[in-house]
Amino acid sequence: MPLASYALGMMDASVYAPEVFARGLPSTPQSSAVGIVPAGSIADAAAPLLALQGIGLSFGGVVALADIELSVNPGEIRAIIGPNGAGKSSLINVISGVYRPDRGHVLLDGVRYGQVPTQRLAHLGVARTFQNLALFKGLSVLDNVASGLAYKVRSNFAGQVLGIGRSRGEQRDSLSRAGQILEFLDLTAVRDRLAGTLPYGLQKRVELARALVAEPRLLLLDEPMAGMTASEKSEMASFVRAARDRFATTVVLIEHDVGVVMGLSDRIAVLDYGRKIADATPDEVRNDQRVIDAYLGVASDNEDGAGI
Amino acid sequence: MAAITSDLTSAPVLPKWIAPVLLLAFAYGVVPLIGSSYLFEAILLPFLALGLAGVGLNILTGYAGQVSLGSAAFMAAGAFAAYNFNLRVEGLPLIGSIVLAGIVAAAIGIVFGLPSLRLKGFYLAVSTLAAQFFVQWALTKFSWFSNNSASGVIDAPRLSIGGLALDGAVGRYLFALTIVSILTFLAYRLVSSQTGRNFIAIRDNETAARIIGIPVLKTKLLAFAISSFIIGVAGVIWAFAYLRTVEPDGFDLDRSFQILFIIIIGGLASIRGAFFGAALIVVFPLGLSRLGGFLLGDVFDSGVLDMSQRIVLGALIILFLILEPDGLVALWDRIRRRLLFAWQST
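Protein chains in written order, with our numbering: chain W, 1 to 308; chain X, 1001 to 1346.
The shape of chain X in the complex, shown without the other chains:
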C-alpha cells in the first residue's frame, strides 16, 4: 500500500514531456510492427494530415482569434507547390520542396490575411472564403500547376528522405509521422513563447494589446503566415503520403469546414485538441459505416452513410458547442482527473 501511495504521489509530478515521448516511442516502435495496411491507409495517414492542418488552423483561430474558412486552399497551395517544386527544380531534395511549399502557402496566407487588419469575426471569415475560391479556381484554370494534365490531377512523386526510400504504407506513415511530430513540437514551442502570448492577447482584447505595445498588425499577419505554412505542409502530406493522387476539387470548402470542425470538436487553443478532433473526424465515418452495416444490413449503402454521417456530425458539433465548448480536450482532462481521483481514494 505504501508503495502504491508513493507511486501515486509521484505520478502527477512527472515531467510534461513524458507522455508525448512515450506516445512517439509507441508510434515509431510498435505501430509499424503491428499495424495493418488498412490502419495506415485509411486511418493513420488521414489522421496525421488532418491533425497537422488542425494544429495550423488552431494557431490562427484558436490562439490568435482570427476565424478562417480558407484552410483547404492553403492545403491545396502547399500540395501543388510541392508538386511543382519537385517536378521543375532539378536536384531539389523532397524536404526542400516541402519547406518551399510551406513558404508559398505562408505567402498566400499573408495576402489573404490582409483583410484581418480591418475585419473581425464573421466578416473576416467571409473574406477568407475568397482564398478558398480563388486558389481552387486558379489551380483548375491554369493547367501549368498540374503539369498540363487534362483533368488537373497530380500524381505524387516517390517519397524519400536522404536517399532512404519510403514507399509502401509503413514508409509513408513514418514520413508523415516525422514531419507532423517536428512541426507539432515547434508549434507547441511557439504557443508557449512570447509570440504565442501575443496571439492570445490579441484574441482576448485587441485594444489592450495595442495599448501595451504589442505590434497588432504584424502579429496578426505572422499568425496567418505560420498557420498557412503548417496547413500547407499538411496539404503536402495529404497529397503525397495519404492520397497519392489529388485534384483541386479535393480541397473544396467542405475540407475547410472539416478542419474547422476538427478544432471546434477537439478544443480551440489546444495543440492536443487538433489531434483529438482529427481522430474523431477520421474514425467516426468508419465506425458509423460499420455500425450501420451491422444494424441495418444492406439498406445502409454509401448514400445513406454519407447522409447519416452529415446529420450525426452536425448534431455532434451543436452538442459540443452547447455542452463542451472547450472540446474533447476539456472532456479528456476531466475524465482523467476523475479517474485519478477515484484511483487515489481507493
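Chain W extracted, bound-state conformation:
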C-alpha cells in the first residue's frame, strides 16, 4: 500500500505541473483532503497550503510519527510543539522530503506526494531552516544568502565564467536581493564575514535570511530559537512575524520555548510520542489538560535544566 500510494504521488507530480494545481484546475483531490481532516481542526473552506494525511513513520521499532493529520492555512504562523523526542523534527523532515513517510501523504498546494521531492522543493515555494545549523561555512554571509536563489539560476557555468548572456543580470539580481534581505534582518554589518565565524545567534538569523531570500510561500523553521538568550528569542520572533507580514509567507515552526510560541503563532499543534494530542489556538492549548500533563507541566518542573 505505501508503495502504491508513493507511485501515485510521483505520478501526480510528474503529470501535472504544480502551477496547474495552484490555479485550482482539478479541485477534487483538494476538497477530499479537507474532508479527511478531523472536525476538531478549524480548517475552513479556504484550501490549506499544506496538509498532512495520516502520516506514519517508524525507525525500526521506534514509532516516530503515528497517524498525523495537520493542515496549514495560507498566511498563518503554525507552531508544532512537544517534548523532546515527540517527533517534531521528523515531521519537518517529512514535509521537506528528507524522510519518506511509511504511510500517508503530504499535500502541498493540493498536490499529493508520497515523498516530497527535495530537489524541487525550492521550485514548489518551500524553504526551510535546520535545527543544527546548516550554513555553508566557507561562504560569506552574503553568498550564503544569495545561494538561496541558486535554484532560479538559468545561466550555465561557461556563461558565468565568461560573464556573457544572462549570467551578469542574474548575478547582480541575486546579490542585490540578498543584500535587501540582509538589511531586512539587520545583518548588513556582517555581510562579508565568513558564515562559520559568526556567533550562534547570528548564524541562526543568516539561515532564516537564506530561506527567506527565495520569498517562499511556505517557510519551515526547525527550532529557530534553540539555544538563544531570551532577548535573542524575542528578536527572532519579531523577525519571523515581520517576514510573514512582508512576504505573505506561511510559517510552520517547531519550537521548544512555549512562551515564545504562544505569543507568536496563530495555531499550535502539540505532539507527544509521535501522536498529535492537541491542535488549537494558543489560548485553548494553554488550558488543555492533556497538553499540560504531557508538556507544560514537565517543562515548568525543571525549568532551569529544560531540555538538558
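Please note that the accuracy of each hint is not assured.
As the list claims (entries may be wrong) - The calculated label-pair distances, taken between Cβ atoms and stated as ranges, are:
hint: 1; chain 1: W; residue 1: R166; chain 2: X; residue 2: I1110; range: 24 to 32 Å
hint: 2; chain 1: X; residue 1: I1110; chain 2: W; residue 2: T197; range: 29 to 37 Å
hint: 3; chain 1: X; residue 1: G1168; chain 2: W; residue 2: A189; range: 52 to 60 Å
hint: 4; chain 1: X; residue 1: L1291; chain 2: W; residue 2: A226; range: 50 to 58 Å
hint: 5; chain 1: X; residue 1: L1087; chain 2: W; residue 2: Q180; range: 53 to 61 Å
hint: 6; chain 1: X; residue 1: I1110; chain 2: W; residue 2: G259; range: 52 to 60 Å
Claimed, not checked - Calculated cross-link-like contacts (lysine-lysine; reagent style PhoX-like; alpha-carbon spacing at most 20 Å):
hint: 7; chain 1: X; residue 1: K1218; chain 2: W; residue 2: K152
hint: 8; chain 1: X; residue 1: K1120; chain 2: W; residue 2: K137
hint: 9; chain 1: X; residue 1: K1120; chain 2: X; residue 2: K1016
Said to hold, decoys possible - Chain W stretches covered by chain X per the calculated footprint, using a threshold of three residues with CB under 8 Å from any CB of chain X:
hint: 10; region: 104-118
hint: 11; region: 247-255
Hint data in this document are derived by calculation from the structure and do not stem from the laboratory.
Quick caveat, the model's predicted, so the values are computed rather than measured.
Using N, Cα and C, we set each Cβ at its ideal position, and we do this for glycine too.
We have chain W; now place chain X onto it with these hints.
What follows is chain X alone, placed relative to chain W:
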C-alpha cells in the same frame, strides 16, 4: 612622513588585479631575459604544469569537496589524447588538440565521477583509484595510444601557436605560461561565480544544498568535468613542454599523491594555493639535494636524496595538517599582514 602615510593608506585599496598583472608582466617581460635554461627546464616548467594540475584538483577537492586520487590518470589522458589528436587529425592546430584533449579528460572524469553521486570522502577517494589504475593499464595495454611504440613512450610534437614556433626552453616556457595563465584566470572566474558557490555549498552541507534547490548531482559531475579538463591540459603541458617524452608509468599513483599534497600544503579551496604548493614541491627536492650535498658531501647520493626527500615531505605534510590546515596561503597572508602592520607602526 605625510607622503608615506598617504602611500600606505592607499596601498590596501589597490584593486585586486594589480598583483597578478604585475606578476604576469614580470613572468613575460623579465624572466625570459634573465632566466637560465636550468631555471626553465628544471623549475619553471614543472612548476607551471603541476600548479595547473593543482588548480584543477583544487576545484574538485578544495571547492567541491570531492576527494580524488586519480589526478595523474587525467593528466595521462590529456597528454595521450593530445598526442593522438595531433598525430592522427590532419591540419588540426596544436591548440585544437589541446582543447580536445581537455574534453577527453573531462569525459573520463565524468565517468569516474559517477561514484561520487553515492559515495563520500574516503570511499570516494578509493573509487577514484579505479581511474588511476584503469587509465594507466589501458595506455600500456593498447599500444595504439602510443602509436605502436614498443615501450609505450610518446614524443612530443613541435610546439607552435599560430605559425610561431616555440622551440627551446624559453619558447616552451612561454607556451606553458600562456595556457596556465588563461586557464587559471578562467578558474578564478569560475570559483567566484554562482557555480563556484554551488561547489562550496555542496562541500559544506550537501543536504542543505539540495533543499535550497542546488542541482547536487549535476553540480558534482560538473566539478569532475571541469577539474579533469584542467588537469588534462596540465598533463599536456607536462608531456609536451616539460618532459618532451613521456610514458604511462610517468603518471602513476605517486603523481596523483603529489598533486594532492600540492593542494594540501598550498591551501585547499584557493587558486593561489595550488601554485604555492607546486613551488614548494618543485623547489624542495632541488634545495634538499643542494643542502645535503653541501653538508654531507659524497655520502648524499641520489638514493639517500630520494629517501630523505620522502621522509621530509611526509613530515612536512603532517606538520601542515596539524599547524596550518589552511596551507601556505594562510601562512603567507598572515606574514603579509604582520609585515604591513609592522611597517605601518614605524
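Now the hints, each set against the structure:
1. The hint said 24 to 32 Å for the Cβ distance between W/R166 and X/I1110, and at roughly 25 Å that hint holds.
2. Separated by about 35 Å at the C-beta atoms, X/I1110 and W/T197 satisfy the suggested range of 29 to 37 Å.
3. X/G1168 and W/A189 have their C-beta atoms about 56 Å apart, which keeps the hinted 52 to 60 Å range intact.
4. At roughly 56 Å, the beta-carbon separation of X/L1291 and W/A226 lies within the given 50 to 58 Å, and the hint holds.
5. Between X/L1087 and W/Q180 the CB atoms are about 57 Å apart, so this pair conforms to the stated range of 53 to 61 Å.
6. Restraint check, X/I1110 to W/G259: a C-beta distance of roughly 54 Å satisfies the suggested window 52 to 60 Å.
7. In summary, the hint linking X/K1218 to W/K152 is supported, as the alpha carbons are separated by about 15 Å, within the 20 Å threshold.
8. At roughly 19 Å between alpha-carbon atoms, X/K1120 and W/K137 fall within 20 Å of each other, so this suggested pair holds.
9. The suggested pairing of X/K1120 with X/K1016 is violated, with an alpha-carbon distance near 35 Å, which exceeds 20 Å.
10. Remark: the region 104-118 of chain W is not confirmed as covered by chain X, as 1 of its residues place a Cβ nearer than 8 Å to a Cβ of that chain, below the required three.
11. Restraint check on the region 247-255 of chain W versus chain X: 0 residues with Cβ-Cβ distances below 8 Å, three needed, restraint violated.
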